[in-house]
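Trainee: Residue numbers (the working numbering), protein chains in the order written: chain E, 126 to 385; chain Y, 126 to 385.
Calculated directly from the structure, the hints in this document are not laboratory data.
It is possible that part of the hints are untrue.
Label pairs and their in silico Cβ distance ranges [what the hints assert, rightly or not]:
1. E:Leu315 <-> Y:Gln181: 34 to 42 Å
2. Y:Gln181 <-> E:Lys150: 29 to 37 Å
3. E:Ser156 <-> Y:Ser156: 37 to 45 Å
Listed next, the in silico DMTMM-like pairs over lysine to aspartate or glutamate satisfying Cα-Cα at most 25 Å (straight line) [claimed, not checked]:
4. Y:Lys146 <-> E:Asp319
5. E:Lys146 <-> Y:Asp275
6. Y:Lys361 <-> Y:Asp301
7. E:Lys146 <-> Y:Asp320
8. E:Lys340 <-> E:Asp319
9. Y:Lys167 <-> E:Glu174
Note that beta-carbon positions come from the ideal geometry of N, C-alpha and C, so glycine has one too.
One letter stands for each residue in the lines below.
Protein chains: 2
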Amino acid sequence: MDKLTIVKIGGNIIDDEQKLKDFIKSFSGISGKKILIHGGGKLATRLAETMGVEQQMVDGRRITDAETLKIVTMVYAGYINKNIVAALQANGCNAIGLSGADGNAIAAHKRTHASIDYGFVGDVDAVNVTLVHALLQQELAIVFAPITHDNNGLLLNTNADTIAQEIAKGMSGTYDVSLIYSFEKAGVLLDANDDSTVINEINPAYYSELKTTGKIFAGMLPKLDNAFAAINSGVKKVIIGKAEQLPLLTEGKAGTTIIA
Amino acid sequence: MDKLTIVKIGGNIIDDEQKLKDFIKSFSGISGKKILIHGGGKLATRLAETMGVEQQMVDGRRITDAETLKIVTMVYAGYINKNIVAALQANGCNAIGLSGADGNAIAAHKRTHASIDYGFVGDVDAVNVTLVHALLQQELAIVFAPITHDNNGLLLNTNADTIAQEIAKGMSGTYDVSLIYSFEKAGVLLDANDDSTVINEINPAYYSELKTTGKIFAGMLPKLDNAFAAINSGVKKVIIGKAEQLPLLTEGKAGTTIIA
């Protein structure tokens with residue numbers, strides 16, 4: 126099977142102009158077929174402030190009301206997505222930027238929850254493997270914004286880590302997929318503030334232990350859940366690490382490797 | 126050659142929720158390969174007001190400074206483009222929304238002018254016929270936002286009428302292209318306020334006469350220049366007419382037909 130590298134880039138990198146520039150150069154240098162999934166960063170929050178739209182957060186998650194959906198659609202699928210694509214083009218990487226509505230790439234449904242109304246938040250139902258494959262065959266790198274749709278005309282704000290996992294799973298029947306979660310830290314750390322405490326490998330038993338002993342900081346848990354969901358569904362390699370080390374991450378020479 | 130219908134939709138239609146809804150339904154019903162190019166409407170202006178970004182206009186054209194470029198990228202390539210795509214999907218039309226940066230679809234250069242600095246405004250250099258053809262072959266309807274790029278990482282605000290003309294010209298070597306400029310009026314009118322004065326056909330001699338006698342209102346001239354540029358470069362049919370009459374326009378039974 127052909128190799129496919131899927132990279133998720135975190136919001137803190139997007140907020141840092143120089144780091145983003147360096148990352149885009151590194152991503153352009155990855156040989157073979159590739160997909161980039163980006164989060165949102167602080168731009169949406171700043172725009173909401175400028176526009177006087179109040180942001181509600183529950184358990185660290187943004188509640189996406191109608192005005193917030195409008196803002197994230199503009200910022201994620203418009204500003205961030207198109208600027209990343211233009212920068213990739215400038216680096217000689219022919220990229221195409223998509224939301225989940227484009228080509229029905231990622232279908233989702235509005236989340237329902239017993240007690241919390243998350244608003245216009247989507248949980249992924251299906252990745253359009255045929256479309257993604259066809260675009261990759263055109264030698265295009267695909268850049269996904271974390272916006273999906275419900276096939277009834279509704280756009281939905283969707284977690285970028287989850288999108289990365291779902292695309293990696295979906296494509297693993299057709300490609301030998303490596304999934305890289307890149308962000309501001311060197312990997313999964315025993316001490317969240319010390320990059321030298323990166324854990325090289327995590328298997329399910331060790332993950333249970335780390336959770337039980339409370340050694341992993343809370344924000345890392347959904348990322349690790351996504352990482353294990355991917356490795357348990359046919360994705361060949363899952364690595365979590367520092368965006369600046371992307372070339373090393375793609376070679377498995379840095380970051381935390383997730384073991385099935 | 127295969128038929129390809131290219132429709133430009135004007136800003137006044139985008140600003141009217143019901144008209145846009147009806148238009149999207151009509152566009153979804155067009156058989157065969159199709160491309161939609163949308164303008165911006167008043168959303169960008171309203172967002173600029175909310176954000177306190179002052180809009181400069183010269184000769185009816187927006188001067189695109191850095192903040193305005195950010196706004197139009199968000200509104201055109203993000204909010205409008207993705208909502209149109211999602212609405213097309215809801216109508217059973219598998220659409221993909223692109224800016225000119227995506228897949229290097231439309232390369233442009235920053236406009237230079239002896240006396241006016243238009244800012245980040247792009248004049249089109251090339252349409253990527255291979256990419257557009259490949260996407261159409263995937264049975265995708267393509268939805269273009271009026272944003273291009275310069276291959277050096279710069280996004281550029283570009284006139285949607287011109288984009289429609291350039292794409293129509295570019296694709297006319299591969300397809301039997303019909304180009305439809307749809308907007309709020311019934312066609313080219315002898316009296317701008319009276320839809321019953323629509324001119325059925327305009328050839329170059331009549332166009333000269335209309336210009337000389339000052340019978341056509343100023344805003345229509347660039348649209349007609351684009352229309353003639355298209356018909357003189359291999360585009361089979363060029364029609365200007367009312368968005369609500371799209372099915373009739375595609376059959377050549379309404380609007381103004383441009384004759385080479």
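Trainee: For every hint, state whether the structure bears it out.
Mentor: Hint check results:
At roughly 55 Å, the beta-carbon separation of E:Leu315 and Y:Gln181 lies outside the given 34 to 42 Å, and the hint is violated. Taken as a hint, the range 29 to 37 Å holds for the pair Y:Gln181 and E:Lys150, whose Cβ atoms sit roughly 35 Å apart. Between E:Ser156 and Y:Ser156 the beta carbons are some 41 Å apart, a value that agrees with the proposed interval 37 to 45 Å. A hinted pair counts as satisfied when its Cα atoms are at most 25 Å apart, and Y:Lys146 with E:Asp319 does not qualify at roughly 54 Å.
A hinted pair counts as satisfied when its Cα atoms are at most 25 Å apart, and E:Lys146 with Y:Asp275 qualifies at roughly 17 Å. Our distance criterion of 25 Å between C-alpha atoms is met by Y:Lys361 and Y:Asp301, whose separation comes to about 6 Å. Taken as a hint, the E:Lys146 and Y:Asp320 pair is broken in the structure, with Cα atoms around 52 Å apart against an allowance of 25 Å. For a cut-off of 25 Å, the pair hint linking E:Lys340 to E:Asp319 stands: about 13 Å separates their Cα positions.
Pair hint Y:Lys167 plus E:Glu174 holds up; C-alpha atoms about 22 Å apart against a cutoff of 25 Å.
Checked against the numbered hints above, the structure breaks hints 1, 4 and 7 and satisfies the rest.
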